[in-house]
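A.B. asks: One point on numbering: in my numbering, the residue at position 82 of the sequence shown is 82, and numbering is uninterrupted.
Simulated from the structure, these hints should not be mistaken for laboratory data.
The model shown is predicted, which means the values in this text are computed figures rather than measured ones.
Be careful, since some hints might not be right.
[Said to hold, decoys possible] Here are the simulated DSS-like cross-link-like pairs (lysine-lysine), alpha carbons at most 27 Å apart as the crow flies:
#1 Lys-50 - Lys-188
#2 Lys-357 - Lys-396
#3 Lys-310 - Lys-571
#4 Lys-216 - Lys-297
#5 Lys-272 - Lys-226
#6 Lys-396 - Lys-269
#7 Lys-226 - Lys-310
#8 Lys-228 - Lys-188
#9 Lys-64 - Lys-638
#10 Lys-368 - Lys-478
#11 Lys-443 - Lys-396
#12 Lys-216 - Lys-269
#13 Lys-269 - Lys-52
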Amino acid sequence: MKIIFSIFSILSLVYSIQLDSGDLISAKCQSRCYRNFELRYNNDNSMRKKLKHDIGNECKEDFKCNSCILPCKETFDDENNCVLKMCHDVGEKGECYESCQFLFNSTLTKSGTCNNDKKIKHLIVNECSAACFSDGDCPDIQKCCTIGCSRVCKKPKIKDSRLLPIPESISIQERKRKRSAIIRWVMKKLTPSHVNSNANIYVIQWRWGIQNDIEKMVPWQTITMKTKNYAIIKHVLLPGRYYVFRIAAVNEFGTAGFSNTSNIFKLSKEAKAPNEPLNITAQVLEYNNYLDEWSYKIQWLPPYSDLPIKEYHLFYWESDKNTADILNSKYINIQNKRSIGVQILDDDDENFNEINKKVLILPSYSTKVNIEGLKSNKNYIVEIYSTSESSNGILKGDPSFIVITTKSESSIKNDNMKEIQNNDVITYDPYHKTINHKQINFKAAIASPYFNSGSLHSSISWENHKMCSPTKRNFSIKIYSKSCKSDIITGTTNECIFTFGDLQFDCEYEIEVKEHDTGIHLFTNIFYTYSCIETQGMNEEICQSYQRSGIICLQLSPTSVSCSWSQQTMKQPTETLVGYRINLSSRNSPSNLTILPPNQRNVIFKDLSPNTDYLLRMQTVTSQGLGNQIETIFRTSKDISDVELKNLPTILELPLESSSSQKLSYFLTTMLIIIVVKSISFF
């Protein structure tokens, strides 16, 4: 039992070590490089002014400083691994070697001395354990101290005048721009050498939660590093969340530790209730001939929400045809108003003649559920909404509806049972006429599938159809795979064109278009997606990268690259995705890091160096801290035909340089191909 406890103690430190100790050692290494850089220009007043303004940028342009700072972005098991991995192609190998040695020594030994704590010694005198083996195994500034026959992590005694004082009086002020704030702190008792140095680095960490209670917040996470005694935090603050911050001042000699925790900060903008769940669909599971009952699988996609989803509430009940018509019309009107930005006021619930209404409460990680006992030849209404928990109570989200019409016993006998086994979706359609789905009575123009924003996309156009007239109509689109296991894709549009994504490689799909308000069937077409390597714009290296890491990078120009990644799954069912931590680095420049919102799975990097290898790391940020990390390497080419960039998403501020312990994977050579929309009449 004692051995298990000791092992657990060691493992429990790993996560916090990567967040605290690794980032502090990285900052110490960077500070040393900055300090050596500014000492070389000690007598150059013009250069010293530039260094005071932005030493990080100047270091990037300097051969020696850039070679020095490259290893600071990593952590290594030993010095040789650092040299082999980081110093192979650098301009100044000597600078790189020295940083590797400095980094490794800093990991083994931290500032301060262990003090003898008689109370702790008395507690563990009868139990020997090894919670650490070196200072690098301990979080933040703690050292690995020997007490009796045990090794434990302890806060040391630090008396080193070379270290920067601990920051004090942290203040956070909300800015006029949305979702941004400025953090300031005070540095007291600075020596002249501290004041005159531009190599001081401030490591900023936060904790956050949805309740005004520090104990219930997520663990500390490093969000940025700065060389100024203030920081502007943009794009990552969310309404309805409470934040606390702490700061550590680091120089080449180390750090005295983190400041006290700041007061709790919260944006003035309140969190909104979740939007409606997306793409709600129903699939037939089975028919019980003895009970004359149907079973359906209901699926949906999570809604957008400022706060983590707490749970889903799903209701279903039997209804008459007229009520189903009214509900469908009301729901369509609400969706149309939302699409043009009209505010929707909550109306009192109408009497929808709810017969035997049933309720299911589902956990936040659920996106599907089976419902049973639906009688034949009946109309059923399914309603689902989500809730989130805020400091002001439970927020009820907007609902989504779907209406199901079950088949009668007589129609079942005449139907092809193969259609049932293939889980065809049967939704309410007052004007539905039985058609042969294999017969293609209108050939729409379907674009060749192309890869974008982490998934395979295409588009369909039916502008030549007789229903596509100057009179505005709403169309419903349903896309489902006939050969691959994938979610059904649904959508609505008031144009005669529809763009869709989340397709799979090497699959057969059937696409069905109806007029939304009447249910009149326009056409059903079949199209195919090629394998990854056969898809235009893809090659073997790109496909291997996507299969291994889930990342694809496409080059737009010699100096710009677009990278996207697949949807990430959470480690625990209770985890909620908060965003993505993106780290881009190369051997010729320090790493840049930003945090993207959870609904953005692509980023465009500009002003890159041609013919250069870049390492891209993507790590999920969840409600439990930092999650899985995936990475890939791509190389910018020497020359590529200019590609016009239109409507590109804005890159968020790249504030952070931080260490990581993950290994490199493989290279990507990429090129963006503009796909020309073609007809698929040959289908």
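A.B. asks: All hints, please: hold or fail.
C.D. replies: Comparing the hints with the structure gives:
1. Lys-50 - Lys-188: 25 Å, holds
2. Lys-357 - Lys-396: Holds - the C-alpha atoms of Lys-396 and Lys-357 are around 19 Å apart, at most 27 Å.
3. Lys-310 - Lys-571: 17 Å, holds
4. Lys-216 - Lys-297: 36 Å, violated
5. Lys-272 - Lys-226: With Cα atoms ~32 Å apart, Lys-272 and Lys-226 exceed 27 Å; violated.
6. Lys-396 - Lys-269: It holds: about 18 Å lies between the C-alpha atoms, which stays within 27 Å.
7. Lys-226 - Lys-310: 36 Å, violated
8. Lys-228 - Lys-188: 15 Å, holds
9. Lys-64 - Lys-638: 25 Å, holds
10. Lys-368 - Lys-478: 18 Å, holds
11. Lys-443 - Lys-396: At roughly 43 Å apart (the allowed maximum being 27 Å), Lys-396 and Lys-443 break the hint.
12. Lys-216 - Lys-269: 22 Å, holds
13. Lys-269 - Lys-52: 36 Å, violated
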